[in-house]
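Colleague: One-letter residues, chain by chain:
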Amino acid sequence: MAEDSIKAEDLKEGTKKSNGDVTIREVDDVTIRFAGDSGDGMQLTGSQFSDTVAIEGFDLGTLPDYPADIRAPAGSLYGVSGFTIHFSSHDVHTPGDKVDVLVALNPAALKVNLKDLKKNGTIIVNTDSFDKRNLELAGFESNPLEDGSLDRYQVYEVPMTKSTLEVLKDMNLSPKTAAKCKNFFALGLVYWLYNRQYDYTLNWIEEKFAKSPELIEANTRALKAGYNYGEMTEIFTARYEVKKAKLPKGIYRNISGNEAVALALVASAAKAGIPLFLGSYPITPASEILHNLSKYRRYGVKTFQAEDEIAGITTAIGAAFSGSLAATSTSGPGMALKTEAIGLAVMAELPLVIIDVQRGGPSTGLPTKTEQADLFQALYGRNGECPVPVLAASSPADCFSMTVEAARIALKYMTPVILLTDGYIAQGAEPWKVMKLSELPNMKVTFRTNPEGFYPYLRNEFLARPWVKPGTKGLEHRIGGLEKQHITGNVSYDPDNHEYMVKIRAKKVKGIVNDIPKLEVIGEPSGDLLVLGWGSTGGSIATAVENQRAKGRKVSYAILKYLNPMPKNTEKVLKQFKNILLPEVNLGQLATIIRGSFLIDVIQYNRVRGLPIRAFEIEEKIEEILKI
Amino acid sequence: MQTPIEEKTTQPKYTPKDFASSNEVRWCPGCGDYSILAQVQRSFAQILGIEKEKIVFISGIGCSSRFPYYMNTYGFHTIHGRATAIASGVKVANPDLSVWVATGDGDLLSIGGNHFIHLLRRNIDVNVLLFNNRIYGLTKGQASPTSVHGQITKSSPYGNVEYPVNPVSLALGMDGTFIARTMDKEQKHMQEIIIECYKHTGTSFLEILQNCVIFNDGAYDYYTDKENKEDRVIYIENKKPLIFGKKKDKGIKLDGWKPIVIDITKGDNSINDVLVYDETSKELAFILSSFTDNPELPLPLGIFLRRQRSRYEVELENQIAYAKQKEGEPNVDELLKGNSFWEID
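So the sequence lines, in the order shown, correspond to chains A and L.
For the first sequence, the numbering used here gives the first residue as 1, with consecutive numbering after it.
For the second sequence, the numbering used here gives the first residue as 1001, with consecutive numbering after it.
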């Protein structure tokens, strides 16, 4: 085996004659997954690789996948942690369907991720972890490296642990600490394989371990050793090069959906000229919104970790009554608990942003997995006639824009607004073209201060009532959850008044239709097939339709981001197509709404596996409909 | 004694009427809530420097929760059990406001129990007035969390099998910083304590024993009966011995850890044996709270505990000030850009 001839000095300095025969192949698009034990540092390794390619200007999508167990036993199947990076020479809409390269640090990581690997895909394994115990823990009856079961893949066997220990042997590190550096060895090797520079990671290591020169040295050596391993061994027959996609000019950063929501809330409050308040209770996969906002004290952000989901929203309602931009973040089970309070915000007509990061349900369901099954809950899950605007973000970066929209609508129309994201886009990340405060829509708040002719339920041209901050002289008034008399806001049991108020609340929300963008069709505006989607299926739908169009097929797509009200032209758009394919990660919730609202039938495509729908699945469905 | 200068020169700005809204008050005739409303309006009129526009009344659901409609201040009649949570949000978002919660035994101690204990723990400067009538009134007569064991109600026709919450002990257990009790019929006493609630920084909790004339009439007759009241009720006064009785002849003595009633006019006991109260002592407050519903001991009214502890909303404001000082004035564009950005040109 090649590794026998590799010495520590060679790996460190790259002195051995370089393996110059390796050809560099140009590829269009690549998806790499790093997988290992929870303790192997896979999230770190993956984000280093993605930062490096992002800074070089690639468009990319990433997705972490870690176990629900905090510290699962080492080597176990359920303790496997992974990080997927998809980068490409063209626009990237998803973190990738199938994996081209799987870097597996142990047998469990191989076993769990093999199903996602492309036919003829590449596997790089750490052979040092393929011992009897780890194979047993992973449930392999025989060693897959020896029994021929991986024959249809390109397998590279690399002694990552031994090689790492070898280059660190003259340092005074405990074997455990030294072995921990093997993720940088793996990272170095993949940098070599994809012809990328490791400078970004070197700088990062120096900053991260500034207090421990020893760890800087150790991790740097491991990183370089991995790179040099590729350079000097003869086991790799090819390296790959992905041509750069040219993103539009501008400043970019990598952003996850949850980060985007947090930043957008801060920016919206600044734009509105009022303070931000978040009332929230920890829940997977929404907690990062609370975590991120808690760091922004400098921006005057008040975060309130409440005693329960109900207090999360009710403290926010109190803050809204006080004159703050108030928000609450949660996931499906928390939404269920907030239901009654959302009704109060509708009745009291107070602005409030409610973020539901959807996960697999019902009940506790699949906390760390994704789903789009809270649409009905968001639209209808309340007592009485209780209209609430509902928006949905379609990608990690889109979470920024849609959160800003949710805040803008809430403040302008004095209403709670529900924003639906999900575990997939909340945890996934992609480059975001950084926005400046000046580029955000105007949402400056003017509180009512004039007592002349004031009534709490007066309405403006948008049917919004005045917002008065307690503390304002002469405007003392009472609001509440009992039905209000039109204009005066006094408690009223009058039957006609109730009907009037039910209708005016509905009319106010319907009127938002004049204030949102039209539904945009990508592709021909009419034809045989439109793929319609909402929220996070947007990425896979875009990829699938682009692939099909590249093959010359006439198919268009449109992504709904405003679910209530829907854009004005929705019905008109849908009527231009003979067939509408509607993929959803639920049993057909939007499909039911489309049929009910427009008497237009759709072809459903539903997968409810806790996973995003993948582009190739949609492509197969498109081909089936087009009878190809 | 010298009168503080401001009291000489400043006249109260308001009369009780200024705090009354134009809404018609619609509790049952004879309801104890009328007295509470009147005492709140009267005591606010006595507070110097109070600003009507800064007062916010928050309520949940129940008879007591109609309260905000009758006050000419800011008010928010919310949903069942959540008044203390909404009040927390109001106060944390704007610490400049004087925030009050009007609530009942069902609203605060049953459906709203969780929010109440966390309000106390956080010590947010919210004033909670508990209208405790030991029954569900608005839903027409079911057992409440303070209904006594064996009580016959619509939902317990064979007698209540549950034991009541002791609200004062609960608040002590949550490390409340101002805990007091009064009765609907004790007009002056109630006014004095409401003023102390206003002055206290931190959560103030005032349990008001209130009679429901329709569904639990006479629940407190044992303590309000004019003939025997003074022998059955003890008024807590800070730094003073705990004495009571028509002739001021009875006192509370600690026999080891056990409180007992002694006659200070007879036998070996004298006023010197009587426990002198200290409202900053949590231990004494616990002992006195245990008198509740104990027929051998008088019912304590007054301030059980008054202490200072840091407040949630103040610490939060301090963190914001500290972060601004340490990290510099906010620049949102910088925040949006973050530390790891790159430029494509």
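Worth flagging that the hints you see were computed from the coordinates, not collected in a lab.
Incorrect hints may appear among the rest.
[What the hints assert, rightly or not] Below, in silico cross-link-like pairs of lysine-lysine (BS3-like), each with a Cα-Cα straight-line distance of 27 Å or less:
hint	chain 1	residue 1	chain 2	residue 2
1	A	K433	A	K295
2	A	K98	A	K111
3	L	K1266	L	K1282
4	A	K469	L	K1199
5	A	K295	L	K1326
6	A	K444	L	K1337
7	A	K473	L	K1337
8	L	K1054	A	K436
9	A	K473	L	K1199
10	A	K469	L	K1248
11	A	K132	A	K111
12	L	K1052	A	K473
13	L	K1239	L	K1253
14	A	K118	A	K98
15	L	K1337	A	K436
16	A	K162	A	K180
17	L	K1248	L	K1229
18	L	K1185	L	K1229
19	A	K295	L	K1054
20	A	K111	A	K180
21	L	K1017	A	K412
22	L	K1324	A	K295
23	L	K1253	A	K473
[As the list claims (entries may be wrong)] Under 8 Å between C-beta atoms, here's a sample of chain A residues computed to sit facing chain L:
hint	residue
24	A267
25	E307
26	H477
Every residue gets a Cβ at the ideal spot worked out from N, C-alpha and C, and that includes glycine.
Colleague: Please go over all the hints and tell whether each is borne out by the structure.
Modeller: Hint check:
Taken as a hint, the K433 (chain A) and K295 (chain A) pair is honoured in the structure, with Cα atoms around 22 Å apart against an allowance of 27 Å. A C-alpha spacing of about 15 Å is found between K98 (chain A) and K111 (chain A), which places the hinted pair at or below 27 Å, so the restraint holds. With a C-alpha separation of about 31 Å, the suggested pair K1266 (chain L) and K1282 (chain L) falls outside the 27 Å cut-off, and the hint is violated. Taking the CA atoms of K469 (chain A) and K1199 (chain L), the gap is near 23 Å; set against the 27 Å cutoff, the hint holds.
The straight-line distance between the Cα atoms of K295 (chain A) and K1326 (chain L) is roughly 13 Å, inside the 27 Å bound, and the hint therefore holds. Only pairs whose Cα atoms come within 27 Å are accepted, and K444 (chain A) paired with K1337 (chain L) is accepted, the gap being roughly 22 Å. With a C-alpha separation of about 40 Å, the suggested pair K473 (chain A) and K1337 (chain L) falls outside the 27 Å cut-off, and the hint is violated. Pair hint K1054 (chain L) plus K436 (chain A) does not hold up; C-alpha atoms about 36 Å apart against a cutoff of 27 Å.
Of the supplied pair hints, the one linking K473 (chain A) and K1199 (chain L) holds, its CA atoms being roughly 22 Å apart against a limit of 27 Å. The suggested pairing of K469 (chain A) with K1248 (chain L) is violated, with an alpha-carbon distance near 51 Å, which exceeds 27 Å. Note on K132 (chain A) and K111 (chain A): the hinted pairing holds, with a Cα-Cα distance of about 15 Å set against a maximum of 27 Å. Pair hint K1052 (chain L) plus K473 (chain A) holds up; C-alpha atoms about 8 Å apart against a cutoff of 27 Å.
The suggested pairing of K1239 (chain L) with K1253 (chain L) holds, with an alpha-carbon distance near 15 Å, which does not exceed 27 Å. About 6 Å separates the Cα atoms of K118 (chain A) and K98 (chain A), which keeps this hinted pair within 27 Å; it holds. Among the hinted pairs, K1337 (chain L) with K436 (chain A) is consistent with the structure: their alpha-carbon atoms are about 8 Å apart, no more than 27 Å. For the suggested pair K162 (chain A) and K180 (chain A), the alpha carbons sit about 11 Å apart, so the restraint of at most 27 Å is met.
Proposed proximity of K1248 (chain L) and K1229 (chain L) is supported: the alpha carbons are some 12 Å apart, at most 27 Å. A distance of roughly 12 Å separates the Cα atoms of K1185 (chain L) and K1229 (chain L); the hinted pair therefore holds under the 27 Å criterion. Of the supplied pair hints, the one linking K295 (chain A) and K1054 (chain L) is violated, its CA atoms being roughly 30 Å apart against a limit of 27 Å. Pair hint K111 (chain A) plus K180 (chain A) holds up; C-alpha atoms about 22 Å apart against a cutoff of 27 Å.
A hinted pair counts as satisfied when its Cα atoms are at most 27 Å apart, and K1017 (chain L) with K412 (chain A) does not qualify at roughly 37 Å. About 12 Å separates the Cα atoms of K1324 (chain L) and K295 (chain A), which keeps this hinted pair within 27 Å; it holds. Among the hinted pairs, K1253 (chain L) with K473 (chain A) is inconsistent with the structure: their alpha-carbon atoms are about 52 Å apart, more than 27 Å. Annotation: interface hint on A267 (chain A) holds; nearest CB of chain L at approximately 6 Å, less than 8 Å.
At a threshold of 8 Å, the smallest CB-CB gap from E307 (chain A) to chain L is about 4 Å, leaving the interface hint in force. With a cut of 8 Å, the hint placing H477 (chain A) at the interface with chain L holds, because the nearest CB-to-CB distance is about 7 Å.
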